[in-house]
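> With the hints as your guide, set chain A onto chain P.
If you're matching them up, the sequences are chains P and A in order.
Using the numbering used here, the letters of the first sequence correspond one by one to residues 1427 to 2052.
Using the numbering used here, the letters of the second sequence correspond one by one to residues 1427 to 2052.
Please note that the accuracy of each hint is not assured.
Said to hold, decoys possible - Beta-carbon label-pair distances, calculated as ranges:
{"no.": "1", "chain 1": "A", "residue 1": "P1901", "chain 2": "P", "residue 2": "A1451", "range": "55 to 61 Å"}
{"no.": "2", "chain 1": "A", "residue 1": "H2034", "chain 2": "P", "residue 2": "E1658", "range": "47 to 53 Å"}
{"no.": "3", "chain 1": "P", "residue 1": "A1744", "chain 2": "A", "residue 2": "G2046", "range": "37 to 43 Å"}
{"no.": "4", "chain 1": "P", "residue 1": "E1777", "chain 2": "A", "residue 2": "H2034", "range": "51 to 57 Å"}
{"no.": "5", "chain 1": "A", "residue 1": "G1872", "chain 2": "P", "residue 2": "E1503", "range": "21 to 27 Å"}
{"no.": "6", "chain 1": "A", "residue 1": "L2050", "chain 2": "P", "residue 2": "A1454", "range": "30 to 36 Å"}
{"no.": "7", "chain 1": "A", "residue 1": "K1897", "chain 2": "P", "residue 2": "R1778", "range": "27 to 33 Å"}
{"no.": "8", "chain 1": "A", "residue 1": "R1786", "chain 2": "P", "residue 2": "E1503", "range": "26 to 32 Å"}
{"no.": "9", "chain 1": "A", "residue 1": "K1494", "chain 2": "P", "residue 2": "P1644", "range": "36 to 42 Å"}
{"no.": "10", "chain 1": "A", "residue 1": "K1494", "chain 2": "P", "residue 2": "Y1431", "range": "27 to 33 Å"}
These aren't lab readings, by the way, just hints derived from the structure by calculation.
Heads up, the beta-carbon is just placed ideally off N, CA and C, and yes, glycines get one too.
Protein chains: 2
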Amino acid sequence: MEHRYLENLPLSKAKALLEDHLRAAGFAPQTQVLPVQDACGHGLKNAVYAHICAPHYNASAMDGVAVKAATTFGASERTPVTLRPADYVVVDTGDPLPEGTDAVIMVEDLIDKPNGCYEIIAAVHPWQNVRQVGEDLCMGDMIAPSGTVLTPSLCGALLAGGVTQVEVIRAPKVGVIPTGDEIVAPTSDPQPGDIIEFNSAVFRGMLENWGAAVTVYPITPDKKELIRASVETALNECDIVLVSAGSSAGRDDYTSEIIASLGTVLVHGIAIKPGKPAVLGEAQGKPVVGLPGYPVSAIVVMDEIVRDLVYFAVGTQAPPWETVSAVLSKKLVSSLKYREYVRVTLGKIGERWSASPLPRGAGVISSFTKADGLLIVDQDCEGIEAGETVEVRLLRPQETLAHTLIVTGSHDPLIDEVADLLQKSGAPFRVCSSHVGSMGAIRAVGSGLAHLGGIHLLDTETGEYNKSYVKKYFPNGGAAIVKGVGRVQGLMVKKGNPCGIQSFADVARVRYVNRQHGAGTRILCDYLLAQNGIDPAAVNGYDNEEFTHTAVAALIAAGNADTGLGIWSAAKIYNLDFIPICTETYEFLVDERYIDDPMVLSFFETLHSNACRQRLDAMGGYLLED
Amino acid sequence: MEHRYLENLPLSKAKALLEDHLRAAGFAPQTQVLPVQDACGHGLKNAVYAHICAPHYNASAMDGVAVKAATTFGASERTPVTLRPADYVVVDTGDPLPEGTDAVIMVEDLIDKPNGCYEIIAAVHPWQNVRQVGEDLCMGDMIAPSGTVLTPSLCGALLAGGVTQVEVIRAPKVGVIPTGDEIVAPTSDPQPGDIIEFNSAVFRGMLENWGAAVTVYPITPDKKELIRASVETALNECDIVLVSAGSSAGRDDYTSEIIASLGTVLVHGIAIKPGKPAVLGEAQGKPVVGLPGYPVSAIVVMDEIVRDLVYFAVGTQAPPWETVSAVLSKKLVSSLKYREYVRVTLGKIGERWSASPLPRGAGVISSFTKADGLLIVDQDCEGIEAGETVEVRLLRPQETLAHTLIVTGSHDPLIDEVADLLQKSGAPFRVCSSHVGSMGAIRAVGSGLAHLGGIHLLDTETGEYNKSYVKKYFPNGGAAIVKGVGRVQGLMVKKGNPCGIQSFADVARVRYVNRQHGAGTRILCDYLLAQNGIDPAAVNGYDNEEFTHTAVAALIAAGNADTGLGIWSAAKIYNLDFIPICTETYEFLVDERYIDDPMVLSFFETLHSNACRQRLDAMGGYLLED
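The following block holds chain P by itself, in its conformation from the complex (with noise of 0.2 Å):
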């Protein structure tokens, strides 16, 4: 089988030979003539001048009546002036005075007489009340120069200064073609093997962000000349192509060798991680853009590359990304062969900013949507201690991270259903949760990671949940317990149950799944494993663990392992049999400094309302005290 291998530049050094290929090969903003009304939040090319003056004649400026100024001097209280008829011209706002006048007075300021005459007592003098030619805007002078941002008020100046058409720097145009034989459309229903092309919806959305106008191509299957006819279709129609999945150097990795074929391939494998298969080219003087399959290495390169190639095409800088200094949770090796790009959750106790990395899978579109920041690893870094202080490139606004509660620990769906209804009841600040399992959770809570944590740990000489640990983790107090269900745990096996499992004891001669070490629902295994005298080195599939009850009954829906422990809910989204095997008291720990905390009240609160119970009663297997 043949393997070719890819380079592996540095980051930077990859962007600057992309950059000055393209300036010398002239990639440059294009622009188009707009209407101003349609041109709000483009750049000008030119500088504008006025065409006209505005206001472009002597305008009344208020409701009243024009006069020749020099008739009313001398108007006081003692020696009123009286207008009649031939004096004055009723004038509106916005009306050109009358020829012969030069001031108005206001309709407040005139007292009523018979035969249409009107008195004053003050006079006015000439140019009173009138809005003169060029008051606003002189007709030859700059409004803006070349560059300028039109803003709101700005296309309100140009068609003053009777500017109707400008020419702006317009969107680039950015062709994105999804490649691959198993990609499909997006659906419901996808067959095994068929692979969800959402990538592109992915690219589009940032694209968009960055001021780009998108064109995604037709999925295009893995053959050389039909992706090659696309790529010279979309750089007929774009400014920027991107060619999604197939550069890397597999069997099926075409992008590279197309963009030679009709142009020039600058760069070939980055020394990033994820985002390492990528490859940079240029053709017709445009940037071609090889991006992984892999949706999160496509996000990296897309950030890291693509978005400063779009914001030079829109005239502009990319902004600077806003960061923040957190201290990480836990240590985190890095190799140095990759600038790395970690997946971190942010969490703001008290003043404190914590960066807890995720898992790293490049296909786990999951871990960005979680993920509120990225933590850059240099490539000249093998690592990085826990309770370093690090920057961590944000992927939310700073304002929304600090409005977080953070609950990690157990995993239980009840804490998603708790979250939607404080979002739902207009909460002011949103529910960041982690599944860590039970003993994270008091690890968490106990090092101030998080304001509270979900656990359901069985003391196995007792028999009791959770008091125990707590006694024996928080000595000398700083964490309590507050009251949350009853959920029944039980073993998952698929319908009609085929292998026959009676109880906990048959999980010896079946393909088991486990939960993680740390998690409540491991603990009663170990316990039930002991209990029963089972050897855990015995069980297959001991080792195979997942982090969430619907990650086990995932798997044994999928044939993938036969049973393992989980509460009733996800069984039934499975449509799975459920053998119950006991009922465990799910609670939460509270770190006591932020048990007042309004966040931490309306937690509880929405977790013991009673929309919250319909939701628990509809999901199933939870036992709820009045």
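Just chain A, lined up with the frame of chain P:
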């Protein structure tokens, strides 16, 4: 003549009245169902759960061969294992794992052997290099709670989870109805009395920035029934209706009456300046707002009233205004009748922000385009002293304002030309110029309000320019003079010189238009009057003051005056005749602390460039030394 008076309700009361009424009337965000690909940036109506697992099948995570892990157990460098063709299936990344296999060996780890065999020197464990079902998302897991604004990666996650459509808050539809008999669509050739309708373009830009979808209806004349019909149409098609102009209480002001006939008028007249004549009402459960006709008044009502309505309908809260603390550069008097919105320019000189009020005319849209911020003076405040620190609401990003070269002083269009050349060259800063006259430049540079300023100050005793003034006002140094240009000053008159003006002495017998106190050209005027023995009080129009050369030229061209002093380039623009009077030295006064500032250096480099020389030659009337 009839005159009605408006209410004068404090802003907070007016807003509360409107919002309470709208809530009771059922005004709420509206939703629509969109394909996920089109929904980026929208907020979710409800929580969304994964419909399927992602991946939804066991997928190879690598290019390589799929095997049953058990066949590889025991493989090491010493005890390699041979895979015969029956033991493996070639797979690419993303391929479904073939029946009977549970792991993948990477292509890099395969050693080619004869007869289609591979040798391996390391075992794989079950599920190694496999993306198991649900690795990314599990069916039934909540992907995002209600209200979440969809990001690009979240759109990807939804599609990965088999969610193809989502119910989202849709952009509120806002209808804008421009009204008025005299208003005309934007044109560069309006007739006298035609008012160019640019307000709707300003509103559209603002509304779109806030997330609305805008319909601008055709201009409707001041006929009650026609406007009423337009409002009814807009109420049927939109969520929020804005009527532009006609919101006051004059003869042709129908907005209030029309809203009352269709629903409820809640407020007519708000204690804000500008912006008082606004109408706030409700019809069909939707807000109907009557906006003042003057653009600056309307913009204030848009920002203070309509912005919150739009954000509410978008399903979110309006972001807080960015503000900066600045030292007020001159005393400001304000009325106790109104909360006042004063447009200010902001300058960051060294570390200190200063705020300088701009003219307050409500009709002057350019005061908004020039403004960097709004200083809001509370209703119960009579004024603010120069030197006090004030909070200013920013109209431009702070980052932009912090990188601004502040040029003030005497008006000359060359400053705008230099600013444009700097923008074209990609300078990383902008130039903000204001016209405060030559003496204004001395004051501004002297008190740290500007980096530099243009001056042309004639010493009437020596006939020399600028030097003696700098000596007098900077006795201890602190400011330097940088060479500028020579320019010709003269009297501008209408083409053909209808008044037969021959020399400056003739200004005594015609209508003059003057420059403001402190302008270099005003000092020249006073010097010439004295030289000619003319009493200023005898000059018709001596008190008619303008701030720029083009403003003087515009008034002469319009016939408001017969002559005025100014530079040749201004006369040329207005096709005026020009009677040269003298050649003067226009130079720049620079705060010595910033003489080596990169912005200042770039400014002078550009001023003395060939590109600038070409522009000045084209404008005419400048004398440039080599």
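> Could you run down the list of hints and mark each one as holding or not?
Outcome of the hint check:
Remark: the range hint 55 to 61 Å for A:P1901 to P:A1451 is upheld by a beta-carbon distance near 59 Å. Look at A:H2034 against P:E1658: about 49 Å separates their beta carbons, and that is inside 47 to 53 Å. For P:A1744 and A:G2046, the hinted distance range of 37 to 43 Å is satisfied, since their beta carbons lie about 41 Å from each other. One distance hint, 51 to 57 Å for the beta-carbon pair P:E1777 and A:H2034, holds here, with the actual separation near 52 Å.
Against the hinted window of 21 to 27 Å, the Cβ-Cβ separation of A:G1872 and P:E1503 comes to about 44 Å, which falls outside the hint. For the hinted restraint 30 to 36 Å between A:L2050 and P:A1454, the CB-CB distance of approximately 32 Å keeps it satisfied. Between A:K1897 and P:R1778 the beta carbon distance is about 58 Å. The supplied range of 27 to 33 Å is therefore violated. Take A:R1786 and P:E1503: their Cβ atoms lie about 28 Å apart, and the range 26 to 32 Å holds.
Between A:K1494 and P:P1644 the beta carbons are some 38 Å apart, a value that agrees with the proposed interval 36 to 42 Å. Taking 27 to 33 Å as the suggested C-beta distance range, the pair A:K1494 and P:Y1431 conforms, at roughly 29 Å.
Of the hints listed earlier, those the structure fails to meet are numbers 5 and 7, in rising order.
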